Amino acid sequence: MDRILHAPPLYATPGNPIPGEPVAGFFKGHRGVMLRYAIFRSELPARGTVVLLHGRNETIEKYFETIRDLNAAGLWVATYDFRGQGGSQRLLKDSRKGHVHRFSDYIRDLDIFLEQIVLPDTRLPFFLLAHSTGGLVALSAAPRLANRIDRMVLMSPFVGLGGQKLSPKNIHRLSALMSLTGLGRLCLTADEPVKPFADNPLTSDIMRFQRNNAIFAAHPEFALGPPTARWLYEAQKAIAKVSNPRHLASITVPTVIVAPGNDPIVPFAFPEKLSQYFRAGQLVPVPGSRHEILHERDRYRAQALAAFHAFIPGGENEPMTDAVETSPETLEE
Numbered sequence: 001m002d003r004i005l006h007a008p009p010l011y012a013t014p015g016n017p018i019p020g021e022p023v024a025g026f027f028k029g030h031r032g033v034m035l036r037y038a039i040f041r042s043e044l045p046a047r048g049t050v051v052l053l054h055g056r057n058e059t060i061e062k063y064f065e066t067i068r069d070l071n072a073a074g075l076w077v078a079t080y081d082f083r084g085q086g087g088s089q090r091l092l093k094d095s096r097k098g099h100v101h102r103f104s105d106y107i108r109d110l111d112i113f114l115e116q117i118v119l120p121d122t123r124l125p126f127f128l129l130a131h132s133t134g135g136l137v138a139l140s141a142a143p144r145l146a147n148r149i150d151r152m153v154l155m156s157p158f159v160g161l162g163g164q165k166l167s168p169k170n171i172h173r174l175s176a177l178m179s180l181t182g183l184g185r186l187c188l189t190a191d192e193p194v195k196p197f198a199d200n201p202l203t204s205d206i207m208r209f210q211r212n213n214a215i216f217a218a219h220p221e222f223a224l225g226p227p228t229a230r231w232l233y234e235a236q237k238a239i240a241k242v243s244n245p246r247h248l249a250s251i252t253v254p255t256v257i258v259a260p261g262n263d264p265i266v267p268f269a270f271p272e273k274l275s276q277y278f279r280a281g282q283l284v285p286v287p288g289s290r291h292e293i294l295h296e297r298d299r300y301r302a303q304a305l306a307a308f309h310a311f312i313p314g315g316e317n318e319p320m321t322d323a324v325e326t327s328p329e330t331l332e333e
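The sequence shown lines up with residues 1 to 333 when you count with UniProt numbering.
Among these hints, one or two may not hold up.
As the list claims (entries may be wrong) - Straight-line distance between alpha carbons at most 20 Å, and here's what the computed PhoX-like set of lysine-lysine pairs gives:
hint	residue 1	residue 2
1	Lys237	Lys273
2	Lys169	Lys241
3	Lys237	Lys169
4	Lys195	Lys165
5	Lys241	Lys273
6	Lys169	Lys273
Unchecked claim - Here are the in silico distance ranges between beta carbons for each label pair:
hint	residue 1	residue 2	range
7	Gly162	Asp298	23 to 29 Å
8	Gly32	Asn170	33 to 39 Å
9	Pro9	Arg68	15 to 21 Å
10	Asp111	Arg299	36 to 42 Å
11	Pro125	Lys165	41 to 47 Å
12	Asn147	Pro220	38 to 44 Å
13	Arg68	Lys93	33 to 39 Å
14	Ala12	Asn244	39 to 45 Å
No lab work stands behind these hints: they were computed from the structure.
Treat the numbers as computed from the prediction; the structure is a model and nothing was measured.
From the three backbone atoms N, C-alpha and C, an ideal C-beta is built for every residue, glycine too.
When you get a sec, could you build the whole thing from the sequences and use the hints?
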């Protein structure tokens, strides 16, 4: 197994302590890119392992609270920072740019993580919990996960893009043109400071918002600016692929999609439409929640975690009942 023996540290910040005594290190991802990972063991008898996939511009540290909750339920957690972000190796000289050469690189990284880290070092059965871009990675990889992952729960999966000055069609045209003409490493938008709480699209919980911003304030080397044209082009191609009914029909891993009702980044209409063609999946709306549901107020976050625990084998309410019927009128507070 090809790992670096001197493990990189995980970082605590005020109000965000490191859960337990994790094992942390690097593993070599696709084409030798070094990816930071960590395994968090539960002190309770193991009920299985959750493979946790982050969103764009996220780090292991951002999920300490959720990892602690999962450990308290007897679940181990195995997670890693995606290539080009967090504590993993950056892909461009300008480390602020969010970049990827091919979206399939993320899928190959996940394959290596499952084979080299999760399978030998954690406990069966394996479940997958993913947020935003992590959800798009999971959907892309899902047809090949049937014999490795028992169930998947996708929070606000990145299956559509909203809240932008340009339309998705124009973003695709411009990012494709730039990628195909050698300008894929440029960004379509300028690097901007962090938005104040009042204007943020991520969460309505000010304490969690400030806690997460404190991670990047203490460790600015973890933070990203805007994505490159290449990243946008590759992500939109992946969205088109996973939204194809043929691809969705090829997924056999039972899946729950938890979709916030007040998400300006991935508006509810996108996961709702995808779920209509997803035979192995079911949609659980959470009216009122913004994009980062695991960092939302307790009233929303508790619903997302309840859906997860009800769905995985051995959960308190397993098997899960049908998703709650929610009319469009209730999706906004």
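Each hint, compared with the structure:
no. : hint                        : result
1   : Lys237 - Lys273             : holds, 17 Å
2   : Lys169 - Lys241             : holds, 16 Å
3   : Lys237 - Lys169             : holds, 12 Å
4   : Lys195 - Lys165             : holds, 16 Å
5   : Lys241 - Lys273             : holds, 14 Å
6   : Lys169 - Lys273             : holds, 18 Å
7   : Gly162 - Asp298: 23 to 29 Å : holds, 26 Å
8   : Gly32 - Asn170: 33 to 39 Å  : holds, 36 Å
9   : Pro9 - Arg68: 15 to 21 Å    : holds, 18 Å
10  : Asp111 - Arg299: 36 to 42 Å : holds, 37 Å
11  : Pro125 - Lys165: 41 to 47 Å : holds, 44 Å
12  : Asn147 - Pro220: 38 to 44 Å : holds, 41 Å
13  : Arg68 - Lys93: 33 to 39 Å   : holds, 36 Å
14  : Ala12 - Asn244: 39 to 45 Å  : holds, 43 Å
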